[in-house]
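Place chains B and C with the ligands on chain A using the hints.
First to last, the protein sequences are chains A, B and C.
Each residue of the first sequence is one higher than the one before, starting from 2 at the first, in this note's numbering.
Each residue of the second sequence is one higher than the one before, starting from 528 at the first, in this note's numbering.
Each residue of the third sequence is one higher than the one before, starting from 9 at the first, in this note's numbering.
Think of the hints as simulated: they come from the structure by calculation, not from any bench.
Some hints here could point you the wrong way.
Stretch-level coverage of chain B by chain A, calculated; a stretch enters the list once three of its residues show a Cβ under 8 angstroms from a Cβ in chain A [as the list claims (entries may be wrong)]:
| # | region |
| --- | --- |
| 1 | 579 to 589 |
| 2 | 669 to 682 |
| 3 | 704 to 715 |
Glycine residues also receive a C-beta, built at the ideal position from the N, C-alpha and C atoms.
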Amino acid sequence: MPASVTNFATHFFVLGDPLIYGADASIVLVTLAILFVLTYFKKWGWLWREWLTTVDHKKIGIMYLIAALLMFFRGGVDAILMRTQLVWPGMHFLQSEHYNEIFTTHGTIMILFMAMPFIFAMFNIAVPLQIGARDVAFPYLNAISFWMFFFGAMLLNLSFVIGGSPDAGWVSYPPLAGPEYSIGPGENFYLLALQISGIGSMGTGINFFVTILKMRAPGMTLMRMPLFCWSVLAASILIILAFPALTAALALLLFDRLAGSHFFTMLAGGNPMMYINLFWVWGHPEVYIVVLPAFGIFSEVVATFSRKRTFGYASMVASLMTIVVLSYLVWAHHFFTMGAGPGVNSFFALASMIIGIPTGVKVFNWLFTMYRGRIRMTAPMLWTVGFIPNFVIGGATGVMLASAPTDYQYHNSYFLIAHFHQVLIGGVVYGMLAGMYYWWPKMFGHMLNERWARHAFWWFNIGFYVCFMPQYLVGLMGMTRRIYDYPGDMGWNTLNLVSTIGAYMMGIGFILLVLDVVYSIFYGERDKTGDPWDGRTLEWSLPSPAPHYNFARIPIVTARDAWWIMKEARRGDLTDVSTTEGVESVRVTQSKQTAPQSLKQSGPLQPIHMPKDSGRPFVLSVCFFIFGWGLVFQWYWMAIPGFLGILASLLARSFEKETSYHIPVEEIEKTEAAYGRL
Amino acid sequence: MNKPFWTKWRHLMFVLLVPLVTSGCGERYLVLNPAGPVARIEQRLIILTIVMVLIVVIPVIILTAVIVARYRDRPDRTAPYMPEWSESKVLEVVWWGIPIVIIGIIGTFTVRDTFRLVKPQLPEAPLTIQVTSLNWKWLFQYPDQNIATVNYCKIPTNRPVEFVLTSDAPMNSFWVPQLGGQEYTMPGMAMRLWLQADKPGVYFGHGANFTGKGYAKMAFDVVATDAQGFDQWTKQVKASAPPLTKQGYKNLTTKQDIVGKQEFSSFPPGMFEADIRINGGMYMKHQLKEATD
Amino acid sequence: MTVAEHHLHEWEEDHDLPLEYSTEEGGLKIFGFWVFLVTDMLLFACVFSTYAVLFRHTNYGPTPVGIFDVKGFTAETLILLTSSFTSGLGTLFMRRGQKGALIGWVLVTIVLGLSFIGLELSEFIADVQNGATMQRSAFLSAFFTLVGMHGCHVTFGIFWMTSVLIQVAVRGINTVTAPKVFIVGLYWHFLDVVWVFIFTVVYLIGELT
Ligand code: HEM
Ligand SMILES: [Cu+2]
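Here chain A stands alone, though its shape is the one from the complex (with noise of 0.2 angstroms):
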């Protein structure tokens, strides 16, 4: 072979490593096997016209699900990796730049291409359905987000076997991830793995902002809106707010690595410090858009499984929006060491804590709507009280980071590891997976299996525990983040020995939840009722999964919790709720002779208006990935054709008339009436 050729394969492939030869033969082999079986079933046709072209939320919020259930994957064997190379110090499992990689792609993909998608597979699986809406306000825009969303996903996941991935850590501070210290496309990878997700999620923002503020019910007032609503409301301003510094930053540092500028060089005037501040004014906002929606998922699920209003519904919009405006008023916590004075760390650390009290009041509230509840123990609800716990002593624990000269002994630690995979886990992923076996019946048709469930919340669960607890601890003991190997004379090990024990289980415990998902497919009890968990809001007024254009008819909403009073009012149980403190006048109104009982009953439908299915968001994003990848590798032989495409994709959108369609009113009473609804 010529010099040329294998000098370019040794920088293209990632070579000399068996890990990654058994990444790269695991790849082949899926995608072999993928290609195989859409062939051989003949489901080409099937997978574009029904998922690549779709704009449907419901289908958006699958493919985000399965998306972020793959990453999770993904992430947790990152994980599994890392906590094996640290069992015992010396270990040779893995070497310090493979180590470097994993803890850096873990990171990146478990916030970005985990949580992110998590969050918005919720938003668009519950979200329209919650808010008695068709569809979002833009669909168009929704599949753009997702294509590019998951091509983003792709470019990074594809670094670990060509090119090799980006190893300066999650948050990537310059100069080590700047163009003197990382040389190779690594770090490109990750700078446009994530902006071009990244535009992704701004569009999501605005998608979900405008939704919910433009495409609400009739009747459907702010203080009537499910809380899960709101806290993507809350979410999505964050995004609108938060990610244009992400972008600059992310563009800036490409821009020195590319183009030779001096942002955040140590040379020629550069100022690292700058990026920094970017990031985490960006980064700080962030953590609470991935938590917000699963507070809102956790007060949906409790207000259902103690069959009880929320309690302090007032109170919960207030602490949302609290978060909201303070979590922009902290990102310097997360370099108090870095020099500033005491008079700007003080106001930092003060910021911080105080976001601890809406937090907690939230806390409060969830746990007095249990109170004198009927609270039934199903999986959404275990995940649910499991978070309570882990997220009090994460809250705690923030608060103690918060405290500026404390942090001066955390920072950087094991403390800090503990600390934020308690509220991201706790937080996040149980809120996720609460959010998911709740509203599993809405978007297959059938039940998890509980025995299943349990198994792998308790292996799960105490596996955190048995995880991160030590971590506090050998955090307290000095043990800094980031390291492939420790000393070994300092007391670390039997910790860390316990900490990869959890680790283990918490990977068993995934692993229990996949086989759950599995056998429910094939033995999960239909759900035929469309409302198997008696629920409150008008998702469960539909049948599962539910019809493409949602409703047949736009509910007309007259109370909090709308489809829990539409139930009561059928049954004509509504007499004597006036009496009871808080309960809107409206109520009284209907009563068991208004109150419609079939879509007949309240009149003629009329046809519906919904948006056209289009492939060009699946090759808008092909496109963003060609540019993406070119710039990676600096072949603007690609890039440019990659960048014109972008273009022309934008434009035939523009030119193009017909984006729309009715339903014809036939086609919804046939739909309708398999049902049994008409």
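Only chains B and C with the ligands this time, still in chain A's reference frame:
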């Protein structure tokens, strides 16, 4: 799930929280075993915050267990069910109030100590040590003694030490848990960290901010001896160690490697300041002043 | 119309509102675009603050006073301000349903936009020829990025306006094209506002210090 739910939790919490609270006893917990005034202030604040947050954490966890146990939907349950009960001004005031009070207390002490730790009152002239983090080693320069060391430094006990921190590589963080919290070492900047050791000993230090391949091996020792021992040591280094030349420094910075402990009997004057200037300090007048005065 | 009725007839036109707002879709798009502008504004804000941090970091190279050309940037400013006005006229005639006037004013706007870009490019080229490149110093990196980012926005706006113009010419002013005209107009005004900031923060302050 047949056992009452909360017994499991109680058990778990007990196992997990008790070691956390009582861990101060073990001397392995460096952060909780201060050997100097700075670390001691931090340790006291740590204990205060732990106690304060536990005042909320423990009751909330117990409350969770009790509520879940009492209000489970069981055939034999006797607890009341009030599906419409969803508001109570009194209760809400209580739990907006509790965290406000707790945070108020922690906040007050936090602010007090934040200001307290900026710069100590100095009964005597401090010892100045200029610290540079490199890939992947620590360089310590003693401007008054004109000696330098790599990957360890010696300090006299009971005398404040002023560490002036910078980096001639990606930013790192200088952390000696038993003497006090960390501070970033950043290119182009001169940051101050005041520490002091009360008793002789070898204190574990480690870089705390990731800087690449060799980062995990960036441990260093801070060795505290009495003043006499310190003087002896400086003399010995001056007498026996080779000088650090410009070329020697260049080797330290550009060879990205891990080295053992080293000593130098002298170093080129103004090297530390020049580094800071060229790495961006020239745009931050106060940084330069900090570095030189 | 009550809220309920409004939703039942969501795809029908509402004649009390200006044309671009008369369909639900049009209204949503315009609202959504406003939100997008907020994000774009914040993106500029981040780059502005980076510029503010770095503009003294000249690395012994060219300084603001050294490279800014007073005549050039004054002309650019005047041209862009005028173009904002003409694009506003375009929207006005769109509402009146006067297709010819709309097309005319949008054309004028495009021409003004092109001359703005031409001036900016020649300024950049002159800078580069004088050794003031993006790689020279942090100040120049920030300068070219901030001003160049605005320039890219303007360029994109020109292409976009052209595409909308063609659509109006071929399909006339209707409920689909009207929101497009309105939105591209908003975008153009937004770029004007950003330029006012660039003019002040970069050029005026640069000349004065
Ligand atoms: C009571 C509320 C909270 C407070 C007061 C708090 C405080 C803090 C502080 C002060 C730090 C910086 C510590 C350091 O770097 O030394 C931190 C780090 C972090 N927190 Fe929290 N936090 C809270 C809740 C959360 C939540 C809800 C999440 C996510 C869902 C979260 C995720 C993180 C992450 C990811 C980091 C570390 C980032 C990194 O350095 O890689 N925190 N927190
Ligand atoms: Cu934060």
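Each hint tested on the structure:
1. Evaluation of the coverage hint for the region 579 to 589 of chain B: fulfilled, as 6 residues show C-beta separations to chain A shorter than 8 angstroms, against a requirement of three.
2. For the region 669 to 682 of chain B, the stated coverage by chain A is violated: 0 residues have a C-beta nearer than 8 angstroms to a C-beta of that chain, whereas at least 3 were required.
3. Check on the region 704 to 715 of chain B: 9 of its residues sit with their Cβ under 8 angstroms from a Cβ of chain A, so the three-residue criterion for coverage holds.
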